[in-house]
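Letter by letter, the chains look like this.
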Amino acid sequence: MISVRGISKRFGSHQALDGVELEVPEGTVQGLLGPNGAGKTTTVRVLTTLLQPDSGDAFVAGRSVTDEGHEVRQRLGVSGQYAAVDEKLTGFENLTMVGELYGMRRRDAKARARELLRDFRLDDVPDDKRAGAYSGGMRRRLDLAGAIVARPPVVILDEPTTGLDPRGRRDTWDAIESLASGGTTVLLTTQYLEEADQLADSIAVIDGGRIIAEGTAGELKTRTGGARVDVVLTPGSDVALAVDAVRRAGHDATVDVRSGRLTVGAGGGSRDLVDIVGALHAVGIDATEAALRQPTLDEVFLQLTGATAEADATDASGDDATGASGPSGADASGRTRPEAVGGPLGPAPVAAAGPVEVER
Amino acid sequence: MSVAGVLRDGRVIARRNMLGVRRTPGALVTGVAQPIIFVMILGFVFADALGGDNYRQFLIGGILAQTLTFNSSFTAVYLAKDLQTGLIDRFRALPMSRVGVILGRTTSDLMTNLISIVVVIACGLVIGWRVESDLVSVLLTGGLLLLYAFATSWIGAFIALTARSVEVAQSLGLLWLFPVCFISGAFVSADMLPGPLRVVAEWNPVTAVATAVRDGFGNQPPASFEVAQGWPADNALLYATLCCVGIIAIFAPIAVAQYRSISKR
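In order, the protein sequence lines correspond to chains A and B. Okay, so the first sequence: first residue is 1 according to the working numbering, each after it adds one. Okay, so the second sequence: first residue is 1001 according to the working numbering, each after it adds one.
Check each hint, because a few of them may be wrong.
Unchecked claim - The calculated lysine to any residue pairs, modelled on SDA-like cross-linking and capped at a C-alpha distance of 25 Å, are:
{"no.": "1", "chain 1": "A", "residue 1": "Lys129", "chain 2": "B", "residue 2": "Leu1007"}
{"no.": "2", "chain 1": "A", "residue 1": "Lys88", "chain 2": "B", "residue 2": "Leu1140"}
{"no.": "3", "chain 1": "A", "residue 1": "Lys221", "chain 2": "A", "residue 2": "Leu273"}
{"no.": "4", "chain 1": "A", "residue 1": "Lys129", "chain 2": "B", "residue 2": "Arg1023"}
These are calculated hints, taken from the structure and not from any lab test.
Start from the sequences, fold in the hints, and give me the full structure.
Written as structure tokens, this is what we have:
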């Protein structure tokens, strides 16, 4: 339903898109996941005919975005990163206007607007309340409703929950889920991995203007080395010693200095868990917690985009080249890593301890 | 996109714009206060040096031309604001006419201009200005004023779509107004200006509109004023109309071209 074929776009010296390829089958939800500056919004702008690619083409419902812009726009609903609703109009007026601009008759547009306000639970506000007085979540729902006024077969949502509070995000998720269950093909960009995991049938990871990985959430997790073991050391433990012990047992460890928590790659599952706890025990370090778990999408994401490479210059197995070349790596780590709180003290003790990954 | 489609979309956008203007009447303060201030300053501060009551008869045509020129900055600011808030992107992603967005703006801004015209005329009546012609002339003059307002609005639209931010649109949209309005016959006779400026003023569309409006309302210049000579002065209504058509013919296509080429990152 959406077919992106090798689109490239350069802004001055910045290669925003570098041959993006993507296929979205009819009736599925495709997540496009990437840090700020990865090329998500540029991809969306090409697909919505707002921007001409330098090369390549994309097809929405069989129509070319470069040659058949008007036809594409007729088959497409768009909801932007910044909810583009008219603040001076009421929700009803906003939706009626969009309906009319899709070519609906005024009476039909009004009926459709009423229906959507009900569906998106926007009908319990006073009739004369302007969109400018809506909460962030309501505004986003209104924008989303605007995207489907004309019941388009394809809907593109650019970071639909960025900047929303948890409640607003959950409401928006519900709205997207009900949209998808109605058979609409959805392309959704996000920098929240949880969101892609929750909503998307398939996830494409974009970084530096290229699709660097694709698959279901489960596939992406398996691809990046399987399970992890989290170990929380007893307070006052020698972190460097612990890392060294785990490494000698043959496991890569990441340490969050602030919480004293070790995250260890454990492709061998429970066997590795026993192994790791044993190695720590052997050097006299006790854990207050030790648990085997699947990697989070954050870890998958960071591994794929190489964002950790900036901090693990000493990690023999690290792929420094990829990490350093990712223009947005630092941005991504700041935005998406829940543990990214360390600060300048982070790397020092660990660097002394030898080759480990450090989460700053 | 058919002509009917363009007009339809233009009407939808115009309706939306007018709702917006109605709900933020504060934005109209400039449109109302500015002509009042100009009428009062020129009508009282300078009038006595320039011919007293007779100058006040002469003045109103000039203020109308100047006010409608200044009002083009409303178009520039409103449109730049829609660009900045992402609303234009929303429109551009809809299967609607691209001319429609701008046409809706320039059409709805006629409303603002109409208010300004009424304010200037009311101020004029207060300071002793009078209409000294027949109904047909008055109606023709009203038509010319609206046409001119519509034309300058397209200049404002072009400025907004070139500037792309409210701040730049605001300053660019104001900057050109002063030379254009003051190197003209709006406030004094064009033939009272020095050397080359006189030629500029004689052919300046602002002069043509001001002169045509004075002719239409039957207002005479003060006896001390040099009477403007030449083809534009003798055929003010025709020349003013041609100017309006010319402005639209130039600025509508380039504004639409700018609209098409917008690719904010």
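Results for each hint:
no.	hint	result
1	A:Lys129 to B:Leu1007	violated (29 Å)
2	A:Lys88 to B:Leu1140	violated (35 Å)
3	A:Lys221 to A:Leu273	holds (18 Å)
4	A:Lys129 to B:Arg1023	holds (12 Å)
Comparing the model with each earlier hint shows violations of hints 1 and 2; every other hint is respected.
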